[in-house]
Amino acid sequence: MSDDAHADHESAARAGAAPRPALTVRLASLAEPREPSPDEMARGPTVARMLLGARLRRLREARGVSRAEAGRLIRGSDSKISRMETGRTGFKERDLVDLLDLYGVTDEAERAVLLALAEQAGRPGWWQPYHEIIPQWYETYLGLEQSAEMIRCHESHVIPELLQTPDYARAALALTHGGEPAETVERRVELRLRRARILERSRPPRLWAMIDEAALRRPFGGAAVMRDQLRRLIEASRLPHVTVQVMPFRAGGYPGVGAPITLLRQPEAELPDVVYLARPNGAEYVDKPEDVDAFRHVLNQMATQAAPAAETPRILRAVIDET
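Our numbering puts the sequence shown at residues -11 to 311.
Mixed in with the good hints there might be a few duds.
Below, in silico cross-link-like pairs of lysine to any residue (SDA-like), each with a Cα-Cα straight-line distance of 25 Å or less [said to hold, decoys possible]: (1) Lys68 - Glu49; (2) Lys68 - Arg99; (3) Lys80 - Val93; (4) Lys276 - Arg45; (5) Lys276 - Ala295.
Just so you know, these hints were derived from the structure itself, not from any lab.
Using the sequences and the hints, build the whole thing.
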């Protein structure tokens, strides 16, 4: 490997490779008003719930209050407090006010910020009009993806969803949802394309996609559709916020082969990185630091074993010529 290739891999491994620091709440940043721009309108309730939950947990622990005690106060249980603190459920204003009283939060500005977060957590995401095709477990992923500052993914069988063309997405979804009416499949295509608009924002997330060569050579929708898809990947790879690496056949086996992995990082330092593992009928969300670190290590190993990002356009053009 050339010095340039080594430098490419080293810079890639540094980008987003560091684990999250310990939880710290930056109240001032939460209090700053935000303009309702298209970028911000895309943010859903998921991250607001996570932020508020993390803050409440720190307040509770600082006060020395147990989950059971907090649960009794709001006429619930310790498991309800756990769900609130992990962002898995919304917040009633009455419950939040009672908890803030219990935790000794008397500053009106701080209370206003937390109540505003609760209000934001209760708003429907932009994807609500698609509720009939979105399972509940997938809403969490949509919320994380739409507000992420960095997305790292590995795909071995298909092109990453955020980089798919309409025709490729249609062909892929028709296979996975073949029993549905054509209009329902079109709704799924529309949702997928709307998700991809995050890459067109004025402040887009950093996308780092690792694609197995097998996915490049599996012609979803036929040769013409696949060639258009490969051209789309070339265009995307030239964007400053997108890195596309190909795992060529010549690399042999590698850690994580066959398994789709997505690691998402939020801009708020108090939120942990989350790994999303898609299943045929569900998903697993991994957020324990030691487990996330294990997946991060796998992704970093892939990055050093894959072809450098600078070679991606050449590799894709070669596949186009052979398709």
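A quick look at each hint next to the structure:
1. Lys68 - Glu49: Holds, at roughly 16 Å.
2. Lys68 - Arg99: Judged against 25 Å, a Cα distance of about 21 Å means the pair holds.
3. Lys80 - Val93: holds (17 Å)
4. Lys276 - Arg45: Holds. Lys276 to Arg45 sits at ~16 Å (cutoff 25 Å).
5. Lys276 - Ala295: Distance ~30 Å between Lys276 and Ala295 Cα, so the pair is violated.
In the structure shown, a violation is registered for the earlier hint numbered 5 alone.
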